[in-house]
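Here is how the chains run, residue by residue.
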Amino acid sequence: MVNIEINGKALSVPEGSTILSAAQGAGIPIPHLCYLKGINEIAACRICVVELEGTQRLIPACNTQVEEGMVIKTNSPRVRSARRTNLRLILSEHNSTCTTCIRSGNCALQTLSHDLNIHYQPYRLQPEKSRVDLDAPVVREASKCIKCMRCVQICDKVQGMHIWDVAGTGSRTTVDVSFNRLLKNTDCTFCGQCVTHCPTGALTIRDDSNKVLRALADPEITTVIQVAPAVRVAWAEAFSLSPKFATAGRMVAALRRMGFDYIFDTNFTADLTIMEEGSEFLERYTHRGKYRWPMFTSCCPGWVRFVKSQFPSYTECLSTAKSPQQMFGAIAKSYFAEKKGIDPHKMFVVSIMPCSAKKSECELPTMKDACGDPDVDAVLTTREMVRLLRSDCIVPTDLPEEPFDSPLGSGTGAAVIFGASGGVMDAALRSAYYLATSKNPKPDAFSAVRGDNPWKEASFTIPGAGTVRVAVVSSLSSTRALMEALEDGTVDYDFVEVMACPGGCAGGGGQPIHDGVEMAAERGELLWELDAKSKIRFSHENPDIKTLYSEYLKEPLGKKSHHLLHTDHAAWSVPTAKENT
Amino acid sequence: MSRLDIKTPSQAQAVVDQLYRGMERRIAASPPGLCPIDMALNFLNLCHAQTCGKCVPCRIGLGQLSNMLQAVLDDEADLRTIHRIETTAQAIVDTADCAIGINAAQLVLMGLKGFRDDYEEHILRHRCLGGLKNPVPCVALCPAGVDIPGYIALINAGRYDDAVKLIRKDNPFPTACAYICEHPCEARCRRNMVDDPLNIRGLKRYAVDHAGDVPQPSCAPATGKTVAVVGGGPGGLSAAYYLSLMGHKVTVFEKQKLLGGMLRYGIPSYRFPREKLDTEIASILSLGIEVHTEVDVGTQPSLDDLRKQFDCLYLSVGAHTDKKTGISGEDSNGVISAVEMLRRIGDGELPDFTGMNVVVIGGGNVAMDVTRSAIRLGAKKVSCVYRRRQADMTAQQEEVEGAIAEGAEVLTLEAPLKIEANEDGHVVALWTKPQIIGEVDAMGRPRPNDAAVEFKRIPADVVIVAIGQGIETHGFEQSGVKIQRGGTVLANASTQLPDVEGVFAGGDCVTGPATVIRAIAAGKVAAANIDEYLGFNHEIVADVQIPTPDLSDLRPRGRINTSERDASERKGDFQCIECGFTDEEAQKESARCLRCDHFGYGIFKGGRVEKW
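Those protein sequences? They're chains F and U, same order as listed. Read left to right, the first sequence gives residues 97 to 677 (this note's numbering). Read left to right, the second sequence gives residues 423 to 1034 (this note's numbering).
Looking at chain U on its own, in the form it has when it is part of the complex (with noise of 0.2 Å):
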């Protein structure tokens, strides 16, 4: 016996390292609509497997909560059983001797406040109330509900003009979602449980940079309903098509002098260029829109007036207007608002920063845009200020890493405090106050709080605020139409708003600011809905035949990841950053495809939805 070891895990323990990874990608793809009492007691049996044995609430508790949840899957319980494993739960809490015990009953305390009916309907009814009615994960996740099995194996088939046409059953807009879609559907992607989620997304961009012109298909016969859509970015547009395709008459109005809403006053050309945005939009158009840009509705119009003179409305109007930080000195001069900002540059008009130290506030995909583009104009230094930690932003991870690539300083846990001006009225500092994170807050991000140090002060020329955005809704109010505490338009699931006859309305301004996919969807979802209050019932479809799917290989594999242009190169400029798929690399990737739509339940139920 020697009288220290150097610590070497046994063969044992590195595969149960590699089962823990397993398992933790087999949580990620974890489809939606389990029950969630089973997935509680097997979350609960592997906490079991992990007690130390030293602590009886922990040893034997966790394993008679884990009998009591198993009596109420088996039709074994009845009503007195969701109390005792109450206490006992409780009881576990309490008494613990560490995480490990406290924990695991805090989980199941949670499940117990959480879906406690679903407790009630089993014990009482011997039913579940969950159900696996979307069984093809990336087509539950995307809101818009795009056949991604269908079009992936479309390109790997070569078809790039069909999986266009696919797409565009469910949005309109495939060339903007290949180059900007936050890609929902690759979370919980099955490929998870074997290597890593397919890369959706580029093989998208693979698609739509591959196809020719698409033609749109053609209308059904004019029905002589009249329907205007107020706001002409991502959402109004896809409603706008929908419901020209379902043959009615659209009007879009438009307050800012181009069509495109957040894609083309968002989102910075870099990431999505302005070629494709105008090509995309005029397709939709080619189906016989009608457009009014630069028309205030809500003044000039009246909300009222185009209720008078059509059969029904989308609002669409996104969310545009600045938020302020509310700090002194931010009216000084200098200091400007990401979304002005990015107006203008939608609009054209390039600001100069040639030389100067921009200051960013806000950690968001806003902020990350503003900042990039601030480089891109010249600045000798951006430095972007977040008051929690990097961890925390909600920008994704991949643009703060462009940015930083880019040169970009990324401060934070420092919180804004002032802004200070020279005599002329111009920046030239912002003064943050420091921070220590804190105790996680009931969403689960942990909290900012004053540290006990200096102020600092971070010298600026510019300072620009991307604090996120709220909605221009003062002129609907008038009309009937109910805003909601934090200003966005009261709208049910159906998009109709309550007690506003014929009036539909969707995408940030009802949502807050989310994303390009979440707007479309909603203007998918208005569609319909208003296909439907109009009388009709048209169903849009794909005339595309989805190929058959090979014996899938299920040996693991890394995910081809797109490539970017090198930071040093890129950030000169306004060209776009991400390079798409090679050849090889798109036929790679569409070949990791589980196909859920064929194999598993996807071919008994719900793997394919033709036409809605």
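Isolated chain F (complex conformation) (with noise of 0.2 Å):
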């Protein structure tokens, strides 16, 4: 322990702790604002500095170790003139038009700059030009950017991917797409976590919503919409309510006040996804010299274009089970229109996603499998319908809890943990055990995949067909770490689940944002404990699923199922070139 004193408190902290951490510890916060723990120690911002007794110049809390006999006052004059230059400073370049900005009321500059009381600014603007390209979903404003760099360290630490990088020097220094290339013809796998970690509205995910509300606007339309699980356990974050509260029941009531005809859930085709994936993983397992190993769920978009341009040999371990996402698109401009005499061709599929790679995978030219035209029509992200239930003025707790519609709208306890890492792996062996042994298992028989750990593995032995290894990653550095240990032989799996954003979807880019703070692993207890509570726990026994094979589908991996539910990974690119373009 080192003993320090801070604004005339005396503390013990341990060895090693930043001033930063240890006056946080005591309750004495220090502003800042390029810090992002663990990632993005950089002290850029000068935003934290403090002063220290004994040295002349102020020093920045976020990456100082305290030393023993430390003397630290945070809000000394110094220290506070000093502070206030410097956001000035930053505000000088920062593009402050915040009533037209995505982050307006999220933004830790603003925050900042409204907590230090700055009312004025002496200094000339001068924002950098921003030249925006809506061509990928990852949008980037370079007025906005305040060059803390959290976006390149967060490519390049916990995704390993390096999209972003330091660009020109001198007083010109910005960020930009590495290798003097375009964000489309890059391997960026869209997954959105730099925008989730962008402080500011420099990056954010493209806004599509106008594209919604011209169906909903549209007579001849009939707008269908799907709800990924994840969106449930987090869309209360942004109105402030508790999960409790806010559950997925009024987020139905509150669309279906926004004026979409059919309100549905991608839990419904979670559950195919199941029957379809733990069938085709049954069959290459019980023809194991057929196939190459290990197979790889498909459900994750940044995934699927990360190990397509990453390990392309891979491609063909993966499922070739559609997401549910385009599960649930093949199937309502299908099976659904039929049901209900709609012409595909006028129905405008939506999907509300926790995830911005969703956007890209849906404008893939293999997802036109029901009618010939996308089978969904506009991917929103959880943040977008949240922006569009408060532009409609629909406040949540007025709202009554309100079923989905049938018969797309059901799904089990196993496939709302599709939005937690370790779910898809733990709802896929639940029914490939019943599949397998027309016996079910228990239903928390399969908890080992469960947990924060970002590299999981665990063996389940399924009577009759053998012990199945298994391994479930979340973050892309982390899979990249598997893949190589695949690569080297030092693992060997026959089943993997792949989630590109930390924590799965549940930590998705398209998820609401909390600056400093990582929420992956509160929505996923969340799902965790929906799952719990479920009645049905098992995909197979989904009724409505049994229902869709019975009249539609007839069996999984079946002619119909084929030409809906499935899809050849390998019939589209993504660049892997690393060379300017």
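The set of hints was computed from the structure by calculation and includes no laboratory data. Any given hint could be a false lead.
What the hints assert, rightly or not - Straight line, CA to CA, 27 Å or less: simulated DSSO-like cross-link-like pairs of lysine-lysine: (1) U/K1027 <-> F/K225; (2) U/K555 <-> F/K133; (3) U/K803 <-> U/K840; (4) F/K655 <-> F/K442; (5) U/K840 <-> F/K253; (6) F/K253 <-> U/K1033.
Everything numeric in this text was worked out from a predicted model, so none of it was measured.
Got two chains here, each in a separate frame; can you build the complex from them with the hints?
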């Protein structure tokens, strides 16, 4: 332990602590901006400066370690003045058009400026010019970038993709796509982690809400909306409501008030995914020699882009099952359209996703299987949904709980956990066990794949089939480590679940943003609770799924399934080379 | 009003003079990779501030050039702007009245030629080709990329063994470099901005002198691959060292009796004691490297023989042949080449120059080495003859000053004309043509021209020719190795030879005579690429924790230089000239390090390369 004094308070703190963490622990917050714990501790913004007795200059609190006997003042007149000066300098290069900014009300810079009582700006405003490129789902507006470098660090350290880099030198130093490329020409997975860790509105996900509003305004069009599992445990955060109150039922009520014709649940097609992918796994597992191993899940489009660009030879190991979002679109515009007598060309399928990569997934040339149009017409993130509700003045506290529509609105406990890392694996194993043995396992038999660890391993024995060695991984840096271990032969699995975002979809790039706070684990917990409380916890027991098979698809991996629910991952390409374009 | 005043600078002028010195130091510390147009713009603005204001081209034109460069950087220009910059600058060159405007516009024109692609990239794609890839200046300028802030911090913490381990990650010759490295790392040290560059080499010397016997790391499991290294100098042994660590079986073939290359056969022991060299080589060989000395690869065995026997070859034969002056009488008795003399000294055969007049021809480091060796070999008088000025000598200035202090005469602006011999064919004098310094050549060095004065006769019993070295490559050409016009081996930046499968080359034989650290760097690069070529990806790491930096003290303080033994004492022996730092000096000097690996960009990107 190290003894220090902060603002006259004597403290004993663990060796190796930073001044920032020591002060925070003692209830003395030090304002900071670029800092992101464990990821970006580069002391670039100089907002967290403090006065240390015995040194001539002010020092950054975020990356200076405590030393015995330090006497620190966090709000001395010198600190106060320097901190405000630095913040004004940052603001002089920031396009502070807060009234029309997506991040207004949830912007670390705005909050800090407000908190530090900044009312006027003595410096000439000179924000960098923006050249906004809407070709990719991730959009950068340079004039709002404060060069905190968090995006670069997240992409380097957490996702290991090195898409963002510092560009230019001297006073014109900025952030741009690495190797002077355009984002659309890169191997970016569009995971959106840079966006959820951006303190300002410099990085955003392309807003597609106008497309949806146009469809809602067209009386000829039937609007069908699906909501992904992880959305229901996060949307409440944006309204500062408890998730216990802001249930999926209230979300359904809110969407119904917006005027969508059918409000369905992606959980339904999550169950369907399990039927297809679980059967596919059993087919591969019982014909081992015919396939390359392991089999990978394919529901995360960030991961699919990743494997195709980073480890292309493993593309053949991806399950051919489409993601729940795309299965939904294909079923909505075929089975459901037929059932209701709706012209699928006049149906507009919207997804609400915790994800930014889903926007690029629905645009893939291979995702037009039901009627030739895109199976999913528009993808909105959780944040876009919240913005739409706000703009319609829908107040969730005034709403009752309402059920999803039928028949694509039902989902089991096994489906809702798709939103948490380990959930797809858990759900798949529950049904694979049943498919192999005709008996249900205990629903919590596979709980070893749950939890926060980014790379989890387990083995389960399915009587009659054998031992299945599985791995669950989330975040692309952990994924790369796993893939390299596979390549080196140091690990060997039968079935691997991969989610690009840390913690899975719960921590997705489309989820509500809380500066400096990681919410994936907390949201994931809520999903596991929803599963535990579900009456049905096995995908194969979803009655609407049973009906879908008996009425329409006939059997998993059957002809119709093959056409509507499976895809050729090799039929489109992702740029791989890191060259100038 | 008095009729005349004594010129006394105003207070403001005195401060501005200080600021000039500050800026000079700052320019010296400028890191590589900055946007060249941004730099050109700011140089131009400085030039513009210097205009006296009388003439139009300079007063207005430089300002308009500045506006146009600014427009290029601010994405407000098109390709016509480049043309406008060019015609404006040319008009200023043609019409300005004095050097202030002419030279400023010339700098702009030079930039337009030198980095036109940067101009175009800014205009067309609004991007800069520049980028701060290696933000720690000393590491960026060390050819081998040694983790300098890391080992300085370890020295400051008293962890000398760890300092040596850390250096060995990138350079297996910490001791050799501690004694004789030309320390390019110091050139742009950020400490320049405060006072003076850190004495990096002096600190390294302290570390190696105070580290005990630091054992080498263990090698990776054997790969079964074999590599032959041709030439056991610093470059070859560096490649051998890393390849052995990677688990490959390395055999070194050396033409001379002993290993070490120019470290033994070029650098005199008064600069680098032989026992230190022997210890360092023994430590490298402890990894299990096989050595065959007195083998002339190229004759017996041929390169093709080796290619058959080994999976891969690294050529690092150095530059050991002498160059001739071509003046008459060069074949007289008593005329010897510096290479020849230093090689004999390396093998322990010391010539006796007692009472003789020795004349050395040349102005490089080798010329200084033989000059100072000749003094130690008893010469009555040693004269070093050079055709340019002392400032133009390629030798390090401290070497020249050291030689002068030991009693050498440096005769500059004397071009060798002929060697006069007596009837026995033995040299008696060197005749020279006195020179006058003239116009600057393309490389920026003023050229000497014949002066209108009498030829000069310099009496000599021995003439030592030290005007450069060549490369012995005749045995290689038959095996398909391409030799360039300067006689050097053609190899690319990854040390690979074009068209000769599995053969790599680096060091002096590729670059021409250069420095030890560049040869070591080539060996390191070769090792990485050979490993890759053999189908592996071994990583070289140092298991050393670097101390967290203290808050840096930016108060200007003097650089501590190492001292030397008295000239009168040291010139009588071949013992080491330089005295290492005292404990106090090492402590104080290491504390001057600004830790660019942590402060500034280093903590964000590129501050530390932990493995390669």
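Quick rundown of the hints versus the structure:
{"no.": "1", "hint": "U/K1027 <-> F/K225", "verdict": "25 Å, holds"}
{"no.": "2", "hint": "U/K555 <-> F/K133", "verdict": "25 Å, holds"}
{"no.": "3", "hint": "U/K803 <-> U/K840", "verdict": "20 Å, holds"}
{"no.": "4", "hint": "F/K655 <-> F/K442", "verdict": "26 Å, holds"}
{"no.": "5", "hint": "U/K840 <-> F/K253", "verdict": "67 Å, violated"}
{"no.": "6", "hint": "F/K253 <-> U/K1033", "verdict": "16 Å, holds"}
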